[in-house]
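Please dock the two separately framed chains into a single complex, following the hints provided.
The chain contents come next:
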Amino acid sequence: MTTSSHKTAARAEVPTSRREGAPVRRRRASTAALLFLAVTVLLVSVVAASLFGSADIQPLDVVSTILRHIGLGGIAPTEPLPGLLDALIWESRFPRVLLAAAVGMALAVSGAVLQAVTRNPLADPYLLGVSSGASTGAVAVLLLGIGGSVSLSTGAFAGGLVSFGLLLLLLGGGRVASPSRVVLTGVLVSQFFAAVTSVILMVSGDANSTRGFTYWLLGTLGGARWEGVTVTVVIILIGVVAVQFFAPALDAFTFGWDSAAALGINVTAARVWLMVLTSVITAAAVAASGAIGFIGLLIPHAVRVLAGPTHRSLLPLSAIAGAVFLIWVDVFARTAFSPHELPAGVITALLGAPAFALVLKRLES
Amino acid sequence: MGRITTTHLSWSVKGQRLLDGIDMEAHDGKVTGLLGPNGSGKSTLLRLLAGLRRPDTGTVRYDDTTLQGLGRRVLARRLAVVEQDVTAHHHVTVRQVVELGRTPFRGRFDALTEHDRRTVDAALERTDLTDRQHRSWHTLSGGEKQRAQLARALAQEPREILLDEPTNHLDIRHQLELLDLLTSLDVTCVVALHDLNLAARYCDHLVLLQRGQVVAAGAPDSVLTPDLIKSVYGVEVLVDREPATGTLRITYLATATRTTAVQAMQLDPG
Chain A
650 MTTSSHKTAA
660 RAEVPTSRRE
670 GAPVRRRRAS
680 TAALLFLAVT
690 VLLVSVVAAS
700 LFGSADIQPL
710 DVVSTILRHI
720 GLGGIAPTEP
730 LPGLLDALIW
740 ESRFPRVLLA
750 AAVGMALAVS
760 GAVLQAVTRN
770 PLADPYLLGV
780 SSGASTGAVA
790 VLLLGIGGSV
800 SLSTGAFAGG
810 LVSFGLLLLL
820 LGGGRVASPS
830 RVVLTGVLVS
840 QFFAAVTSVI
850 LMVSGDANST
860 RGFTYWLLGT
870 LGGARWEGVT
880 VTVVIILIGV
890 VAVQFFAPAL
900 DAFTFGWDSA
910 AALGINVTAA
920 RVWLMVLTSV
930 ITAAAVAASG
940 AIGFIGLLIP
950 HAVRVLAGPT
960 HRSLLPLSAI
970 AGAVFLIWVD
980 VFARTAFSPH
990 ELPAGVITAL
1000 LGAPAFALVL
1010 KRLES
Chain B
40 MGRITTTHLS
50 WSVKGQRLLD
60 GIDMEAHDGK
70 VTGLLGPNGS
80 GKSTLLRLLA
90 GLRRPDTGTV
100 RYDDTTLQGL
110 GRRVLARRLA
120 VVEQDVTAHH
130 HVTVRQVVEL
140 GRTPFRGRFD
150 ALTEHDRRTV
160 DAALERTDLT
170 DRQHRSWHTL
180 SGGEKQRAQL
190 ARALAQEPRE
200 ILLDEPTNHL
210 DIRHQLELLD
220 LLTSLDVTCV
230 VALHDLNLAA
240 RYCDHLVLLQ
250 RGQVVAAGAP
260 DSVLTPDLIK
270 SVYGVEVLVD
280 REPATGTLRI
290 TYLATATRTT
300 AVQAMQLDPG
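Protein chains in written order, with the working numbering: chain A, 650 to 1014; chain B, 40 to 309.
If we strip away everything but chain B, and leave its shape as in the complex, we get (with noise of 0.2 Å):
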């Protein structure tokens, strides 16, 4: 298990800042959830945690140690990485997109051993997709697409997994699968989010994002408040506990915009 800090991290794009000076830290063995408007880094963040893009300035530390300290190899042999939306250009089934997370720990010409096809095994198990391992990526679900890239991250039996916006193109049962299935996992996760409910719900720290800053970072009720949510989101909500459960609980009222216009409405009902 592993503990993912940055330290001052910041990253421009044609002299535009995308983020600027971000310190965060993703705790051991728990769920943490990137929040932030469209554009507010998320993704970006996301790439610069995985090392696929170089900071301009400030580190990223697993444990104690800097990316460039790991290298390459042996950082994806206890990090996985789960994109938003990828493709794949030819026909590959099910269990070679999973046989893919084998790739850090396989030599250039060596088969696959059978502690490799045990570990695909049980990626597919977990993910539900035993049955359908060698069906064609294409003749997918959007998401069984999900569940197949996840299991190909399980392959790689990490120690951190990054994910952008799993539940993207899910519905609503299979988005509370996948965050269920996240959530029991012993790994260190974090995980950029669109749903608020869900962030509450399933994430034990909460990192909210705003053109490129950290805006609040903690718990779940001392992020999710509705203040920082108008300032951030610029939406009016309302945040309760689910009598329950005792999640928090957000309820959207109206956007900023909108309201003014309704408090107009009811202040000149005419």
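Chain A on its own, in the form it takes in the complex (with noise of 0.2 Å):
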């Protein structure tokens, strides 16, 4: 450390030494190369997944099938495939990888936001009771017949919403909670929405109606059409593009909320606007495919191992790590026991539980 004797301003500037600045500029590098393969691995595993399944279609097929059906058929490398196949890619399995990535994508980015707002590396997008008020909103438009002819999805983002809106008022508002009460808050309000649900399959669900709601509610991709992709694709692109704003804000939140107020950070507003985009994001995920668990906790501790906790680098990493790891998940679910197509929700949770240890154990050394 300097002492006394050097009476120089705080702002004088320290010759750089080369020695000094040239692992930044690795580092960064590094961060852009890392973007560049995530943006083409999902590239390639979006028209990789559509080949898996029944048919023999090559990928080249694939590509100029989605060209064709985007407007881009001028520079299709391929001909015209047989009506039937172009169905299959256009109308089944396309939607359905595109589902994936954005829910893969929606989850993982709430993750990664969640524990940064919540100060909390075990945070979720599960953990705020959002997938439970999902799930009472969806069985009590298919049970109950609330709403008319509302649909699952509707209803499912809605209970998102109302599960968010009680979490927020029974916190406070935008006041500054502790990352403890926020969690144990979250647990309540799921517990409560769990609790709900399940009162409701009690009393009105027949045998079918609740064998259909169970298996919505372990996580499926299986129910992709256009129709509700397109929506929900849409709403988790504007959401997470949005957080990226917040970038600056969730670093300044590691040494805890005064700390990021002093380095002029709104911090209130940001965090109930964080809170409002992730719970829009999972509520759009979960009611497009019923609880995915696992995956908010799981991508952003992967990416911030292989590229480092600065968000700026870890939100879009995340993001689309999330989309690839949930489009190959999909792909084993429906292809592994064929005929018979596992939740992807299960399979999340078999491979997220041991890992979820692993987090454990590196949080504690």
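Since the hints were made in silico from the structure, they are not lab data.
For each residue, glycine too, the CB sits at the ideal point set by N, CA and C.
Hints are not guaranteed to be accurate.
To be verified - Covered stretches of chain A (chain B as the covering partner; in silico rule of three or more C-beta atoms under 8 Å from a C-beta of chain B):
1. 762–774
2. 910–923
Unchecked claim - To give a feel for the contact side, a few chain B residues facing chain A, derived at Cβ under 7 Å:
3. Ala89
4. Ala115
5. Val120
6. Val125
7. Ala127
8. Pro143
Here you go:
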């Protein structure tokens, strides 16, 4: 440490040696490289995942089919496929892959944000009770007929938002609450809505609808149709992009609210916006696919190990990693035990439970 | 550089008045020490000075502008705050911690500029952390963590720094080095301290708090008197000057309650 004999100003610039500057530049470059790599892997995954399943399809045919349907047929590398195959790719596989990507993206980004906002490394979208609220909304629409012709997804979306509103109310609006209070309130909301869901199922569910609902609850991407997928993808993309605006705030949260405020961050506004954005994208994801767990916990931790905790890189990389991860989980879910299909949520839970243990171990070290 | 003044600053929590009509001034480029027993309001006063809590009454001014007039982000470009005992909730490196100091200067999507990097390098250098910049925060000792927080503050290129008991958990050498560094900076400094000898040695100006009120303020030799120390801390002290340097020296004799016991024993040795 410099001693008082140097009466130099704090702003005096100490000459930067090459040795000091080099590692930073290398790390920045590697973030850009990782992002480029991640986007490439995502694009390849979208095409490759559409190949899996019955019928023999070539990768270039998938590319051509997609290009033709989005009005870029002029640059399509191959001849049009027969109508049946074209429909298989465009009406069934591609929307499903796209939904998997969007849902994986939403859950991973929600996890990364919530871990910073609650200052709790074990935070996960499910923690806030949004998925339980969504389940209640879905079951209310499905079994009680509330809302008339409203679809299951709309009910789930509304339920997710209602549970989030309740959470904010219990936390006392935008006031600064302690991490443990946020987490415990999330558990409370979650348990409450789980109980309401059970009551509705017990009272008015017949065997058939209960089974259908249970399957939805386990998390599956099987229901992907363009109509719903487009809305889900648009909501999630807007939310994920908007969250990037708060990357500096999320970094500043590292040492708590006062520390962030002293760095010029409007803490209350940032936290409220982040909570609202994560709830909307989580509700959209759960509404479209049911409750797929653990992605929000595991992907951000894995990305932190690879690329560091800075949110300017963590958020986009988590988004893409989450998308790629769920795309391949879904491919496994629909092909591994074909013709039987596993719910994707079951697979993420199978992978997630042991990985959760690893995260815990890492946190203790 | 800047002057910090407060006029009639009060703050209560749940009906309990923690600060009561504080008028104080931190002079341009000087080190002002906040003294007082636990619970006297030092940390609370620092939070109000930093604009982290809104006072019930009174104002805080930086030069001639009020806190509200400055705004959060503009304030963060001149004022740095070093809190007590902060914890990180995930793994960050020392360099990433120091880079946080550039937050008020960066746009949402801006990468670090050459100037940002030089400022961060300089802050690491000044706090002797250059060779530890890629270490994880969680592997640092208490003293290194404190220095990393100070480096983060320096990276803000501050005109004013507020520090809440920065010498806590530091061994004596690091305490001296930290305060040496602080006094060598060309900034206005307000620092809460427990150690009266360190306060006497390093501060230009002292503010003594008791139950949320200023009981004395001024140069160290006018504040650190045996009578004031006894009435505020309840401790008997001997105040003299260290022969070699002439700085004030406070020697603790006994707590006020024990003194009576000692006197009683002397009266009745049997």
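Now the hints, each set against the structure:
A count of 5 residues in the region 762–774 of chain A with a Cβ less than 8 Å from any Cβ of chain B is obtained; the coverage claim is therefore met, three being the minimum. Remark: the region 910–923 of chain A is confirmed as covered by chain B, as 6 of its residues place a Cβ nearer than 8 Å to a Cβ of that chain, reaching the required three. Annotation: Ala89 (chain B) was flagged as interfacial toward chain A, and the flag holds, the nearest CB pair being 6 Å apart, inside 7 Å. Against a cut-off of 7 Å between C-beta atoms, the interface hint on Ala115 (chain B) holds, since the closest Cβ of chain A lies about 3 Å away.
About 4 Å separates the beta-carbon of Val120 (chain B) from the nearest beta-carbon of chain A, less than 7 Å, and the hint is met. For Val125 (chain B), the interface hint holds, since its Cβ comes within 7 Å of a Cβ in chain A; the closest pair sits about 4 Å apart. The criterion of a C-beta within 7 Å of any C-beta in chain A is met by Ala127 (chain B), whose closest approach is roughly 5 Å, and the hint holds. Against a cut-off of 7 Å between C-beta atoms, the interface hint on Pro143 (chain B) holds, since the closest Cβ of chain A lies about 4 Å away.
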